[in-house]
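Taken in sequence, the protein lines are chains V and H. All the letters of the first sequence, read from the start, carry residue numbers 7 to 280 under my numbering. All the letters of the second sequence, read from the start, carry residue numbers 7 to 280 under my numbering.
Please note that the accuracy of each hint is not assured.
Put simply, identical chains are the same to the list, so a pair is met inside one copy or across any two.
Simulated crosslink set (BS3-like; lysine-lysine; CA at most 30 Å straight-line) [to be verified]: (1) K56 to K197; (2) K197 to K53; (3) K56 to K205; (4) K205 to K53.
These are calculated hints, taken from the structure and not from any lab test.
So you can see what is in the structure, the chains are spelled out below.
There are 2 protein chains.
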Amino acid sequence: MTISRTVFFVSDGTGITAEMLGRTLLSQFPGIAFGRFTLPFVDTPEKARKARAEIDRAAREGARPIVFSTLIEPAEKSVVASSDALFLDLFDRFISPLEAELGVESSHMLGLSHGIGNHGAYQERINAVNFTLAHDDGATTANFDQADVILIGVSRSGKTPTCLYLAMQYGVKAANYPLTPEDFGEPGLPKPLLPFRHKLFGLAIAPERLSQIRNQRRPDSGYASPENCRYETRRAEALYRSEGIRFVDTTTKSVEEIAITVLHEAGLSRPGYP
Amino acid sequence: MTISRTVFFVSDGTGITAEMLGRTLLSQFPGIAFGRFTLPFVDTPEKARKARAEIDRAAREGARPIVFSTLIEPAEKSVVASSDALFLDLFDRFISPLEAELGVESSHMLGLSHGIGNHGAYQERINAVNFTLAHDDGATTANFDQADVILIGVSRSGKTPTCLYLAMQYGVKAANYPLTPEDFGEPGLPKPLLPFRHKLFGLAIAPERLSQIRNQRRPDSGYASPENCRYETRRAEALYRSEGIRFVDTTTKSVEEIAITVLHEAGLSRPGYP
């Protein structure tokens with residue numbers, strides 16, 4: 007029998023922070039099925055009472071719900087905390103030690119995370135997304151000099167989602183350039199990449215996994231065949247090694263893990279980070 | 007004089023959870039300048055000792071650093087916790103009450119958040135990103151029947167970044183369709199949208215802000231002129247109202263806030279949510 011529990015993420019903002027820490031904590035209890043509900047923008051006492059009613063309804067229908075809260079205002083918080091649930095306040099536990107350490111009181115201001123916040127940093131993120139879209143899949147190499155990083159790899163090795171994640175979350179101008187069988191015909195780096203050697207970061211992938219991914223796109227094609235995937239991945243890795251280009255194996259990694267590895271190993275600062 | 011403090015986000019995985027909660031907490035102390043460093047993938051005692059050395063170096067050069075940790079393994083955690091810093095464990099404070107509430111022990115497994123985790127859900131996110139890219143800016147309306155939501159709005163109202171965020175973070179297949187002056191020449195909804203009325207969500211924006219954004223792209227153009235921006239935004243909002251289409255004003259909202267508003271008000275489930 008699977009145990010199942012209802013979980014609420016309650017916030018006066020988007021609820022993204024509560025979801026993320028809550029999700030991380032719940033992943034440590036793999037035997038339990040969690041029904042998850044996010045209640046964002048709870049920023050008035052009336053919305054707090056609505057949230058409490060929803061939590062109490064879940065309590066009547068099953069086991070005691072679990073509430074992850076990043077509410078800041080005492081008025082809303084006390085309402086939601088009075089629901090029939092385990093109430094975990096993700097803020098209070100850390101705000102007091104931080105106030106003591108820093109010697110100042112916290113501002114108790116709402117909506118500071120995931121809002122526009124620092125306008126310059128936010129605009130950098132949006133500009134980076136536009137840059138990445140304009141330079142996806144080698145669409146143009148004209149502004150590669152403005153790129154913070156240029157991901158290279160064979161088709162379907164994970165370049166596009168990784169670039170978009172770097173741009174969206176960290177304001178990194180990430181371009182990408184696909185390595186194709188034509189590129190492998192010539193020795194050395196493809197010509198358009200020569201001036202940007204120091205910005206290159208390679209993506210590697212196991213040929214079996216690549217063949218699987220490509221088969222979803224073009225079933226039974228030469229493009230997706232195991233032989234071709236073995237050829238392309240072998241040539242790409244040989245290129246990284248002979249040219250001294252850092253690379254990461256994406257086979258078992260999520261987009262987040264690939265992106266953080268690139269950020270970390272390329273020593274990129276995070277311009278869009280408020 | 008600005009007080010400045012050094013902050014480390016330390017994790018055995020990507021560090022994204024530690025960064026996010028840490029950033030949210032620090033935003034409550036706007037008077038202090040924080041220097042932020044993320045130390046991801048600290049998953050061996052040797053890496054833990056390197057992390058401690060880095061934190062201790064910062065301690066010697068300035069005020070006591072602050073460490074936000076989501077380390078799980080006791081071996082690595084005890085090393086990092088022994089550095090000369092305020093050590094805030096984002097995990098321990100909540101794992102115990104959750105274990106008591108759920109009546110089971112936590113698994114203490116590494117890398118469960120931001121990894122590939124649930125393969126099906128992860129694949130849905132990647133598929134959603136590909137879907138969104140293929141249907142960006144009305145590129146094709148052929149598979150609108152497969153879309154979870156279709157954002158409509160004038161050029162530069164925020165459709166593309168919002169769609170990408172919905173796809174990347176929540177696995178929502180988000181398409182978008184630009185409302186252009188030609189669309190306003192005909193009464194009612196643009197023809198390609200007629201069969202998908204129930205999936206539409208409108209983006210509104212203040213004409214002054216729109217003109218500002220468009221001027222960055224095409225300075226002093228008719229496209230960016232205040233008159234044209236007033237015309238287009240007025241017609242778009244009139245269309246939403248006359249056709250009964252839900253919409254959100256994006257003028258002062260971040261991509262995250264727009265995306266969560268769409269998810270919440272459109273009552274979308276979050277298919278990619280593990």
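Checked hints:
no., hint, result
1, K56 to K197, "neither (61 Å within a copy, 39 Å between copies)"
2, K197 to K53, "neither (59 Å within a copy, 38 Å between copies)"
3, K56 to K205, "between (51 Å within a copy, 26 Å between copies)"
4, K205 to K53, "between (49 Å within a copy, 26 Å between copies)"
Comparing the model with each earlier hint shows violations of hints 1, 2; every other hint is respected.
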